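Colleague: Sequence:
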Amino acid sequence: MSLKYTGTQINYYFICKRKLWYFSNYIQMEQESELVELGKFIHESSYPREKKEIRIDNTIAIDFAGNDKIIHEVKKSNKIEKAHIWQLKYYLYYLKQKGIPNVTGELNYPKLKKIEKVSLTDNNEKELKKIFSNIDEIINREVPPSPINKSFCKKCAYYEFCYV
Numbered sequence: 086m087s088l089k090y091t092g093t094q095i096n097y098y099f100i101c102k103r104k105l106w107y108f109s110n111y112i113q114m115e116q117e118s119e120l121v122e123l124g125k126f127i128h129e130s131s132y133p134r135e136k137k138e139i140r141i142d143n144t145i146a147i148d149f150a151g152n153d154k155i156i157h158e159v160k161k162s163n164k165i166e167k168a169h170i171w172q173l174k175y176y177l178y179y180l181k182q183k184g185i186p187n188v189t190g191e192l193n194y195p196k197l198k199k200i201e202k203v204s205l206t207d208n209n210e211k212e213l214k215k216i217f218s219n220i221d222e223i224i225n226r227e228v229p230p231s232p233i234n235k236s237f238c239k240k241c242a243y244y245e246f247c248y249v
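Residue numbers (this note's numbering): 86 to 249.
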């Protein structure tokens, strides 16, 4: 199994398949988003003593890691927590495939003063393999999936691609 997916792709898979398609086909609008900038600011200004942005194979970027085999993802809000959880489970899976087992994760929501512990189970690994197959099917389409028309769409960096 090739470990070719980014954490962003796993995250977008749970948020919006159309956004996943655009991002995976090199139409990347995040640099234009004020919300993305706010998230980066929260990430960079929280946990100042931690070494930030641990990149592995130019594929995954762990926000920070402790000496206790816990990796951390810093998020602005828990509104799309399922996507955050699966992104972190993918990082745990990725590390396990690279020979680094028994790592756990924590989602850190500094604005909410909340921490969500995340671990990887055998069932999660099976589900991730299905997710990889689904992602491949989505990103290899000739055209993007239909817009989902959710309340959060108005705040999306890709909004104009879907509704204007």
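A portion of the hints provided could be inaccurate.
Said to hold, decoys possible - For each label pair, taking beta carbons as the anchor points, the in silico distance ranges come out as:
| id | residue 1 | residue 2 | range |
| --- | --- | --- | --- |
| 1 | Thr189 | Asn219 | 23 to 33 Å |
| 2 | Val249 | Lys214 | 20 to 30 Å |
| 3 | Gln182 | Asp153 | 34 to 44 Å |
| 4 | Asp153 | Lys235 | 16 to 26 Å |
| 5 | Gly151 | Ser231 | 39 to 49 Å |
| 6 | Pro195 | Asn152 | 19 to 29 Å |
What the hints assert, rightly or not - Below 25 Å or equal to it, Euclidean Cα-Cα: the simulated PhoX-like pairs (lysine-lysine) are:
| id | residue 1 | residue 2 |
| --- | --- | --- |
| 7 | Lys202 | Lys183 |
| 8 | Lys211 | Lys235 |
| 9 | Lys183 | Lys161 |
| 10 | Lys89 | Lys239 |
| 11 | Lys215 | Lys240 |
| 12 | Lys214 | Lys181 |
Because the hints were derived from the structure by calculation, they are not lab data. This one's a predicted model, so the numbers in the text were calculated from it and none came from an experiment. Here a beta-carbon is modelled for each residue, glycine too, at the ideal position from N, C-alpha and C.
Colleague: Going through the numbered hints above, which ones does this structure break? Give me the numbers in ascending order.
Modeller: Of the numbered hints, 2, 3, 4, 8, 9, 10, 11 do not hold.
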